[in-house]
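S.K.: Generate the whole structure from the sequences, applying the supplied hints.
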Amino acid sequence: MVNLSSLSFFQNLRTTRTKQFAVIGLGRFGRAVASTLHKQGYDVLCVDADEEKVAQILSDRIATHARQIDSTQPAALREAGIFEQDTVIVAIGNYVQESIITTLNVKEGGVPHVVAKASSEIHMKLLKKVGADHVVFPEHEMGCTLARSLTRPGILDYFELDPENSIVEVIVPEQFDGKTIAELRLRSSYGLNLLAVSDDGRFEINPPPGKRLEKGTAMVVIGSNQNISRLPV
Numbered sequence: 000m001v002n003l004s005s006l007s008f009f010q011n012l013r014t015t016r017t018k019q020f021a022v023i024g025l026g027r028f029g030r031a032v033a034s035t036l037h038k039q040g041y042d043v044l045c046v047d048a049d050e051e052k053v054a055q056i057l058s059d060r061i062a063t064h065a066r067q068i069d070s071t072q073p074a075a076l077r078e079a080g081i082f083e084q085d086t087v088i089v090a091i092g093n094y095v096q097e098s099i100i101t102t103l104n105v106k107e108g109g110v111p112h113v114v115a116k117a118s119s120e121i122h123m124k125l126l127k128k129v130g131a132d133h134v135v136f137p138e139h140e141m142g143c144t145l146a147r148s149l150t151r152p153g154i155l156d157y158f159e160l161d162p163e164n165s166i167v168e169v170i171v172p173e174q175f176d177g178k179t180i181a182e183l184r185l186r187s188s189y190g191l192n193l194l195a196v197s198d199d200g201r202f203e204i205n206p207p208p209g210k211r212l213e214k215g216t217a218m219v220v221i222g223s224n225q226n227i228s229r230l231p232v
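Numbered according to numbering that gives the first Met the number 0, the sequence shown spans residues 0 to 232.
None of these hints come from the bench; they were simulated from the model. Remember, it's a predicted structure, so these values are computed and weren't measured experimentally. Check before you lean on any hint, since a few could be wrong.
[Unchecked claim] Taking lysine-lysine and the BS3-like style, the derived pairs with C-alpha atoms no more than 30 angstroms apart in a straight line are:
id: 1; residue 1: Lys178; residue 2: Lys127
id: 2; residue 1: Lys52; residue 2: Lys38
id: 3; residue 1: Lys18; residue 2: Lys127
id: 4; residue 1: Lys18; residue 2: Lys52
id: 5; residue 1: Lys106; residue 2: Lys210
M.R.: In C-alpha cells, the structure reads:
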C-alpha cells in the first residue's frame, strides 16, 4: 500500500523529471512551493528582492541556496544561477509588471520549464504570451474547490487532468457500502476506473475485485467529469 496525502500522489506523477528547481518570490505561495520541494529531496534555489525573506528561508533551512536579487534584471538572474535550473517557478503573483518581466527574462535565459503564478485572468493570459509553460491561478482554483465542496460534500479532493477528465477522491456512499469492487461494476455502470481505496488512513492502489468497500471511507476514481457527476456522493 502507498501512503497518500489527499491527491498529492497523483500531482507528483505530473511533475517533470526535474533535478533542480528555482523559486522566484518568497511570499506564502513561493515559500510553500520551496518547502515542499525541499522536503521531497530536490535542490531548490530561492531568490527574492526582500532581504528579510531570503534570510528567513535560510534560517528555516527550506532551500539549498537563497539570494537577494532583482529578478527584473537578466544579469542578476544569470549571476544567481537561475538560468541553469531545470524548472523555475515565478511566484511573484501580486506584482504584475515584475512577474511578467521576470517570466520573460527566465524564458529568454533558456530555462526549459517555467511555471508562473497569476493573480487574475488577464495576468494569466499575459504570462502565457511571454512564454510561461504553465500558469497557476491559486485563488481561482481555491474558489472552484470551495464551490465543489459546498455543492458536492462527498468529493474530498479534485485533480483536473484536462477540461473534460479528472481524478477525484470521494467518500464511499451508502449505496456502495458492503459491496465488492466487482459487484459495483464502476466501469460499466458509471464509466469510471477505480484507482485506490482507503484503509486506516492509507490507500491501497489497484485493489483486488473482491475488496469490499465501507461507507465513510474514501476511494479514488478517474474518468470524465460528466461520469464523475453521476456518482451518488
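S.K.: Decide, hint by hint, whether the structure agrees.
M.R.: Each hint tested on the structure:
A hinted pair counts as satisfied when its Cα atoms are at most 30 angstroms apart, and Lys178 with Lys127 does not qualify at roughly 47 angstroms. Under the criterion of a C-alpha separation no larger than 30 angstroms, the hint pairing Lys52 with Lys38 is consistent with the structure, at around 19 angstroms. Proposed proximity of Lys18 and Lys127 is supported: the alpha carbons are some 24 angstroms apart, at most 30 angstroms. Proximity of Lys18 to Lys52 is assessed by CA-CA distance (about 24 angstroms); at most 30 angstroms being required, the pair is judged to hold.
At roughly 49 angstroms between alpha-carbon atoms, Lys106 and Lys210 are farther apart than 30 angstroms, so this suggested pair is violated.
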